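**Student:** Here's the letter readout for the chains.
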Amino acid sequence: MKKRHKRLAIVLGVLAGAVVATALVLNAFRDSMVFFVTPSEMVAMEEIPDRTFRIGGLVEAGSVQRDTASTLVMFRVTDGAEGVPVVYDGILPNLFREGQGVVAEGRLEGDGTFQANKVLARHDEEYMPPEAQEAIERAGHPSGAGGGYDSQ
Amino acid sequence: MFRKIPWFKFSSPPNFYWLADRLTPWLWGGAAILGIMGLYVGFFVAPPDYQQGDSYRIMFIHVPTAWMGMFIYLLIALYSVIFLTWRIKMADVMAIALAPTGALMTFLSLWTGALWGAPTWGTYWVWDARLTSTLILLFLYLGYMALHAAVDDREKGARAASLLALVGVVNVPIIYFSVEWWHSLHQGMSVTLTDAPSMAASMFAAMLLMTGACWLYSAAIALRRAQVEALEREAGNPWVQDELLGAEEGGDAATAAEASGDLQREVRS
Chain A
48 MKKRHKRLAI
58 VLGVLAGAVV
68 ATALVLNAFR
78 DSMVFFVTPS
88 EMVAMEEIPD
98 RTFRIGGLVE
108 AGSVQRDTAS
118 TLVMFRVTDG
128 AEGVPVVYDG
138 ILPNLFREGQ
148 GVVAEGRLEG
158 DGTFQANKVL
168 ARHDEEYMPP
178 EAQEAIERAG
188 HPSGAGGGYD
198 SQ
Chain B
55 MFRKIPWFKF
65 SSPPNFYWLA
75 DRLTPWLWGG
85 AAILGIMGLY
95 VGFFVAPPDY
105 QQGDSYRIMF
115 IHVPTAWMGM
125 FIYLLIALYS
135 VIFLTWRIKM
145 ADVMAIALAP
155 TGALMTFLSL
165 WTGALWGAPT
175 WGTYWVWDAR
185 LTSTLILLFL
195 YLGYMALHAA
205 VDDREKGARA
215 ASLLALVGVV
225 NVPIIYFSVE
235 WWHSLHQGMS
245 VTLTDAPSMA
255 ASMFAAMLLM
265 TGACWLYSAA
275 IALRRAQVEA
285 LEREAGNPWV
295 QDELLGAEEG
305 GDAATAAEAS
315 GDLQREVRS
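Sequence order for the protein chains is A and B. So our numbering is basically just the index in the first sequence, starting at one, shifted up by 47. So our numbering is basically just the index in the second sequence, starting at one, shifted up by 54.
Mixed in with the good hints, there may be bad ones.
[What the hints assert, rightly or not] Under 7 angstroms between C-beta atoms, here's a sample of chain B residues computed to sit facing chain A:
hint : residue
1    : Y104
2    : L138
3    : T139
4    : T174
5    : W175
6    : G176
7    : A183
8    : L220
9    : V221
10   : V224
11   : W236
12   : S238
13   : L239
14   : G242
15   : S244
16   : T246
[Unchecked claim] With a straight-line cut-off of 30 angstroms between C-alpha atoms, the simulated DSS-like cross-links for lysine-lysine are:
hint : chain 1 : residue 1 : chain 2 : residue 2
17   : B       : K143      : A       : K165
18   : B       : K63       : A       : K165
19   : B       : K210      : B       : K143
20   : B       : K210      : A       : K165
21   : A       : K50       : B       : K143
22   : A       : K50       : B       : K63
23   : B       : K210      : A       : K49
Hints are computed from structural coordinates only; laboratory data are not their basis. Predicted model, so just to flag it, every value in this text is computed and none were measured. In this text, a Cβ means the ideal position worked out from N, Cα and C, and glycines have one as well.
Looking at chain A on its own, in the form it has when it is part of the complex:
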């Protein structure tokens, strides 16, 4: 009986140790665990990294400007509090639209625009038929796109 208890104690001890170690590691790498930063977080950064990074937020309604002769597109990524102008030359994902969640990868130029070399669409965790969405819009609520941002 005693031996069993000792073994159980060791097993639980190993588990507890693994949990604590993992928590410490994840806490230490907190900044690298995020896939993107929001515009507010970017503004709050003490130092803008001189490498590519990702910003994420919603495509600001009415901000999308497309070049008629090329695939150049300009839009603003916003989290409600701050917005960043993004320039991108390439093919946008299908789900890209105004008010939709988006993640752009690139660098911040000196003039404050974000030069993206890749744009990914982000969708939210709500799934509904088109009729339900229309009913929600008729009731005067904005489309339910791009949830999960801190400032919302």
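Starting from the known structure of chain A, fit chain B onto it as the hints suggest.
**Tutor:** Same frame as chain A, now just chain B:
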């Protein structure tokens, strides 16, 4: 009262073998019925999504397999604790029998996730927290199976692998909460224990049916695999002989010989 419950009755291989023989046909049947119902509701009853159209339907495979991949790992860790503490061999048999199914489910969730990501996000793969931790889960399954088989002394290999399973279990909550703890490309949870699911009822119904099918399939295949594993480990014991001879008494000689031949093939592989 507590002691009267036969806690360890089915931890003896013959009792387990007997129970698994009776359970598996029902599990197979249930999995087939729920799977057909789930696919029907998923393809023909559930409406298209307002943004993604029909491509969201891949979640009827994606979400149940992802859940199953995580849940099976929790089960393996639990069996590993039982094996390490009480040295019950059937606990290790169940753990190693579950591992290939868990790996398959995790692989399917990664694969369907990539197929879903391409039309929605615009990429098959990104190194965000949810995707990366799920890939680590797949590697943990593969590592567990490899370690289990790598040591010639089965008992030692089982103990080492059980320890790996136990330490690796910290990855499961990381997968589950990754979309809440960190910004990720992967969307948040649609289904939680506390809130109503954020999807249409028929979509949710299809997902639950497919989840049920996944559970029953996994239980059936794992029990079958555990039976074979138990036969192999207990090959010299009288109950195994009885099991094979019993088949001979029940049917005619030809089918019995065929059945025992099948078993021997299974045992060897």
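**Student:** All the hints need checking, so say for each whether the structure fits it.
**Tutor:** Hints versus structure:
no., hint, verdict
1, Y104, "holds, 4 angstroms"
2, L138, "holds, 5 angstroms"
3, T139, "holds, 4 angstroms"
4, T174, "holds, 5 angstroms"
5, W175, "holds, 5 angstroms"
6, G176, "holds, 3 angstroms"
7, A183, "holds, 6 angstroms"
8, L220, "holds, 6 angstroms"
9, V221, "holds, 5 angstroms"
10, V224, "holds, 5 angstroms"
11, W236, "holds, 5 angstroms"
12, S238, "holds, 5 angstroms"
13, L239, "holds, 5 angstroms"
14, G242, "holds, 5 angstroms"
15, S244, "holds, 4 angstroms"
16, T246, "violated, 10 angstroms"
17, B:K143 to A:K165, "violated, 52 angstroms"
18, B:K63 to A:K165, "violated, 59 angstroms"
19, B:K210 to B:K143, "holds, 12 angstroms"
20, B:K210 to A:K165, "violated, 49 angstroms"
21, A:K50 to B:K143, "holds, 17 angstroms"
22, A:K50 to B:K63, "holds, 22 angstroms"
23, B:K210 to A:K49, "holds, 22 angstroms"
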